[in-house]
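Asks: Those protein sequences? They're chains A and B, same order as listed. Numbering-wise (the working numbering), the first sequence opens with residue 1 and increments by one. Numbering-wise (the working numbering), the second sequence opens with residue 1 and increments by one.
Treat the hints loosely; a few may be bogus.
So the derived label-pair ranges between C-beta atoms look like this [as the list claims (entries may be wrong)]:
id : chain 1 : residue 1 : chain 2 : residue 2 : range
1  : B       : K57       : A       : K14       : 47 to 53 Å
2  : A       : K14       : B       : D31       : 23 to 29 Å
3  : A       : S67       : B       : K58       : 39 to 45 Å
Chain A side only, calculated, beta carbon under 7 Å to chain B, not exhaustive [stated by the list, open to error]:
id : residue
4  : S31
5  : P39
6  : Y64
7  : F90
8  : G106
9  : E107
10 : V114
The set of hints was computed from the structure by calculation and includes no laboratory data. Nothing here was measured: the structure is a model prediction, and the numbers come from that model. The beta carbon of each residue, even a glycine, is placed where N, CA and C say it ideally should be.
Given next are the chains, with one letter for each unit.
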Amino acid sequence: NAGVTQTPKFQVLKTGQSMTLQCAQDMNHNSMYWYRQDPGMGLRLIYYSASEGTTDKGEVPNGYNVSRLNKREFSLRLESAAPSQTSVYFCASSLVGSSGNTIYFGEGSWLTVV
Amino acid sequence: QQQVKQSPQSLIVQKGGISIINCAYENTAFDYFPWYQQFPGKGPALLIAIRPDVSEKKEGRFTISFNKSAKQFSLHIMDSQPGDSATYFCAAINSGGSNYKLTFGKGTLLTVNP
Numbered sequence: 001n002a003g004v005t006q007t008p009k010f011q012v013l014k015t016g017q018s019m020t021l022q023c024a025q026d027m028n029h030n031s032m033y034w035y036r037q038d039p040g041m042g043l044r045l046i047y048y049s050a051s052e053g054t055t056d057k058g059e060v061p062n063g064y065n066v067s068r069l070n071k072r073e074f075s076l077r078l079e080s081a082a083p084s085q086t087s088v089y090f091c092a093s094s095l096v097g098s099s100g101n102t103i104y105f106g107e108g109s110w111l112t113v114v
Numbered sequence: 001q002q003q004v005k006q007s008p009q010s011l012i013v014q015k016g017g018i019s020i021i022n023c024a025y026e027n028t029a030f031d032y033f034p035w036y037q038q039f040p041g042k043g044p045a046l047l048i049a050i051r052p053d054v055s056e057k058k059e060g061r062f063t064i065s066f067n068k069s070a071k072q073f074s075l076h077i078m079d080s081q082p083g084d085s086a087t088y089f090c091a092a093i094n095s096g097g098s099n100y101k102l103t104f105g106k107g108t109l110l111t112v113n114p
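Excised from the complex, chain B in its bound form (with noise of 0.2 Å):
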């Protein structure tokens, strides 16, 4: 049973365009929403991360969009750069809840051509 389900597996962009990749979940105590970048032979690192009383959130090229009530997010990445290319982990938690953990999405393999 997977709780949070991400789109697409891969994604190729060219240089200057625009990256899409979306979640779904099913909890509706989840709370907080971040997503994780990954970039070969590291580990995953906080990118950005939203919470549910707002429908998006910008950091510089990086946008989040919340959607309360379809239960989805979605990461937009704009102006897309070859140094983006990595893979990109949705992720969910019910922060007041007593086990402390993330449910993770499967992950989406950006790759962004020059």
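Same shape as in the complex, but just chain A (with noise of 0.2 Å):
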């Protein structure tokens, strides 16, 4: 049973590269999350999809873009990686409308931008 997985699960960036984060879920759920982690920060949203075909951004969206691909993938991508994106990437899924709205997350991306 995997859950949500994400890849890559390390990367190392240099200033301006672009990259993208993958994202994939076997739960049948409907939305799905991107937060960041940051130290003393807690967790963020950047942009979440609540349903196939639908994005919208979170609370730190700057610099990021997402593509809901279809119902099991959800996609980040950096266009220009700053150093200041360097942080823990999590993606994260659940069944909207189910009791508790449970939000199940991956193991997380560690991004380092040099």
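Combine both chains into one complex, guided by the hints.
Replies: The following block contains the structure:
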């Protein structure tokens, strides 16, 4: 039972480079999310997708783009990476409408921008 | 504007002691309050959750206490064990809202000494 799978696990980028973080869930969830986690800042929502075909900005969307490719997959793209985007990124999913709106997280992607 | 305030930022407890983490919220539309547990190198995972129609929920050694009038809720870990050492996040959501977004506190790093 894979749950939420993110790739890559670790990545080092140079300033100005671009990259895409991939995420897939196998729980037939309708909503998917991208969070970033920084020391002392908790979990901050970057973008989310309430359902296939829709995406919306979260708390810290600047510098990022997302694509909800299908119900299973939700990718996060950094077009021109900056050192401020050094962080741990978590993809998550939930089944909206279920009791409690439990959000399930992936294991994280550690990104360093030098 | 932080809608969920969590304290303390870090906590050290001796084995067998009680760990208490507090959260306060502002949005009275919140109606579901989960706690997430995160071990180093892993994604957060749902630990326990409560709705405001009850004042307390207990699951094993973990208890949530909820005070609706004060807009506060807390996590109590009884008989704390070294294996409980992790970061704990409180969160809140308006489950009837249209944006399906959890609002997280900034986290508490719990260390249980043997």
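Asks: Evaluate each hint against the coordinates.
Replies: Going down the list of hints, with the structure as the test:
1. B/K57 to A/K14: 47 to 53 Å: 48 Å, holds
2. A/K14 to B/D31: 23 to 29 Å: 45 Å Cβ-Cβ, so the 23 to 29 Å window is violated.
3. A/S67 to B/K58: 39 to 45 Å: The hint (39 to 45 Å, Cβ to Cβ) holds, given that A/S67 and B/K58 are roughly 42 Å apart.
4. S31: At about 5 Å, which falls below the 7 Å cut-off, the nearest Cβ of chain B leaves the hint on A/S31 intact, so it holds.
5. P39: Interface hint status for A/P39: violated (9 Å vs cutoff 7 Å).
6. Y64: 16 Å, violated
7. F90: With a closest approach of 5 Å, the A/F90 hint holds.
8. G106: 5 Å, holds
9. E107: 5 Å, holds
10. V114: 21 Å, violated
In the structure shown, a violation is registered for the earlier hints numbered 2, 5, 6 and 10, in ascending order.
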